[in-house]
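Engineer: Here's the letter readout for the chains.
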Amino acid sequence: MINAEHLTKRYGRHLVVDDVSFISRPGRVTGFLGPNGAGKSTTMRMLCALTTPTSGRSLVLEHPFRELTNPGRHVGVLLDASAQHGGRTGREILTLSSTLMGLPRARVHEVVDLVGLTRREADARARTYSLGMRQRLGLAHALLGDPQVLILDEPANGPDPAGIRWMRGLLRSFAEAGGTVLLSSHLLHEVEAIADDLIIIGGGRILAQGSQTELLAGVSGLEELFLDLTADTAREGVAA
Amino acid sequence: MSTLTMTIPSRQRSATTGIPFARLCGVELRKQVDTRAGLWLLIVIALVNTALLVLTLTTAPPAELTWSNLTSAASLAQFVLLPLIGVMAATSEWSQRTGLTTFALEPRRTRVNLAKLASAGLLGLLVMLLTAVIGAVLNVVGIVFRGGDGSWAMDWSLLAGAALALLLLVAQGVAFGLAFLSTPIAIVAYLALPIVWTTLTVFISGLVGPSKWLDMNVTMLPLMMGEMSATGWAQLATSVAVWVGVPLAVGLWRTSRRDVA
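Residue numbers (numbering that gives the first Met the number 0), protein chains in the order written: chain A, 0 to 239; chain B, 0 to 260.
Do not take every clue at face value.
[As the list claims (entries may be wrong)] DEER-style ranges, computed between Cβ atoms: (1) A/Glu4 <-> B/Leu128: 49 to 59 Å; (2) A/Thr68 <-> B/Val143: 56 to 66 Å; (3) A/Ser81 <-> B/Gly17: 21 to 31 Å; (4) B/Ala229 <-> A/Thr68: 40 to 50 Å.
[Claimed, not checked] Some chain A residues close to chain B (C-beta under 10 Å, calculated; not the full set): (5) Thr41; (6) Cys47; (7) Ala48; (8) Pro70; (9) Leu77; (10) His140.
Please keep in mind that the hints were generated in silico from the structure rather than gathered at the bench. The structure displayed is predicted, hence computed values, not measured ones. Positions of the beta carbon are idealized from the N, C-alpha and C atoms, including for glycine.
Hey, can you work out the whole structure from these sequences and the hints?
Structural biologist: Encoded structure:
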C-alpha cells in the first residue's frame, strides 16, 4: 500500500508537483502516466524519501519511508536503471545490496536467474550493459529483498518486446500474490495492458485517477483519454 | 526468462531488524575497493611503497635497517593516495548516482556517511598494519642478506602518530568529498588548498603565527615524528577542526537535505 497525501514540490518559482494525492493498493498494479516532465519521477523520489517534499507527505506500508526498518526488505525500488557504478559487475551490485539487507548469499543467484540475466552477463561490468540489460538488473535489484511493494520508474523503457511481455507477467503475478505495484510510464499501450488502476498526471497535477475500467468507460481507449487530458496542460504550458 | 517463476510476497514475514552499523561499514568498505579506481589506488600504493622499500633495503647503511625504519620507509604512499579513496567513497554516490539505490536501502543518509568515514579509517588502519608486517618481513631480509642491524625495537609513538595522521588525512578526504560532491573538484581542493595555504604563509610573514594552529601540514609534523607536546595537541586539534571538522559539517548538512536524483 502506498499513500500520497498532498505531495507538493517546488523548485524556486517552479511548481513541479502540485498537491498530488493517491492510493496504490495491494493486489493491484497502478499505472502512473504522464508526459515527460509531468512530475512522475519527482513524485516517485518523494515516495522513497530521496527528495523532500515542500509540503504534503507519503506513506509506504503505513509508514513514512524514512521510518521503515531495513526498507529494502519491504519496498523494491527502481528509479533509474542507469544509476549504477559502471565499474562494478551486475553480480557485485546485487551482492553489495543483499549484504546490506542481510539476505542469504543464494538470493543473488535467485534474482539473477529470475530476471533472465546469464551468468556471463551478471559477471560483466555494468557499463557494458545495454539499456534492456540494465532494466533487468534494476528489476533484479528491486526484487532482491522479497518486498511487498514495488516502485518502478519507466521499467518498460528499454527491454525488447519479449522482455516487456515477460515483465508484464512478472508484475502481474507479483500483484496477484498480494503485492503492490506502482509503475510509471509514457508507453500507453504497455500501461493499458498491465494496469488495474491509473493515475494520469500533467503539469505536476493529477488530471484523472481511478480504475482502468472506470476511466476508459465512454472513450475509445487510453490514448484518447490521455491525449484529451494532457492537451490542456500542454496548452497551459504554452500559454504560461 | 520464458518460465514465470515468481517469488511471492511473503505474508508472514518475520519482523525485519534494522541494518547494524557494523554491516553498513562492511559494505561501505567493500565499495571502496571493488571498483577499478579504488583497486588501482591500492595497487599504486603497494607499488610505490615497494619501490621505496627496495631503495632503502639496497642503499641504506646496514646499521639503519631496523623494523621501525623499514616500516616508516614503506608508509609514504598511503599518506598521499589513501585519502583519495575517502574522497571517492563520498562523491561516487552522487557522481555515479548510486545514491539512488544506497539511500533507498538506508534512508538515514548521515548514518551512511558516518559509515563511509569509519570504514575509510578502518582501511587506513589495515594498510598501516600491513605496512608494519611487511616492514617486519623485510627486516629479516635485511638481517639475512645485508647484515642489517635488524633491531625489533619499534618506536610505537612514531607508528601510532603516523596511524593517527593517516586517519586524519583520510577523514579530510571524506569530508572534502562530502562538501564538494564532485570527484575532480574535491580531489583538486583536497590537494591544492593546503598547499596554497602553506605557500601563503611563506610569503606573508603575518600568517606564520596563525599557521602554527591552522596548517595541518605544520601541526602534523610533531605527530608523525612522535614528538607531541600539550601545545602540539591543541594546535593539531585546532587545525583539524578547520580542515576536517568544517568540511565534514558542511558535507553532512548538504547531503542530508539534497535531492538524490
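Engineer: Take the hints in turn and mark each one as holding or not.
Structural biologist: Going through the hints against the structure:
no. : hint                             : result
1   : A/Glu4 <-> B/Leu128: 49 to 59 Å  : 52 Å, holds
2   : A/Thr68 <-> B/Val143: 56 to 66 Å : 57 Å, holds
3   : A/Ser81 <-> B/Gly17: 21 to 31 Å  : 29 Å, holds
4   : B/Ala229 <-> A/Thr68: 40 to 50 Å : 46 Å, holds
5   : Thr41                            : 8 Å, holds
6   : Cys47                            : 5 Å, holds
7   : Ala48                            : 5 Å, holds
8   : Pro70                            : 6 Å, holds
9   : Leu77                            : 9 Å, holds
10  : His140                           : 7 Å, holds
This entry satisfies every hint, going by the numbered hints stated previously.
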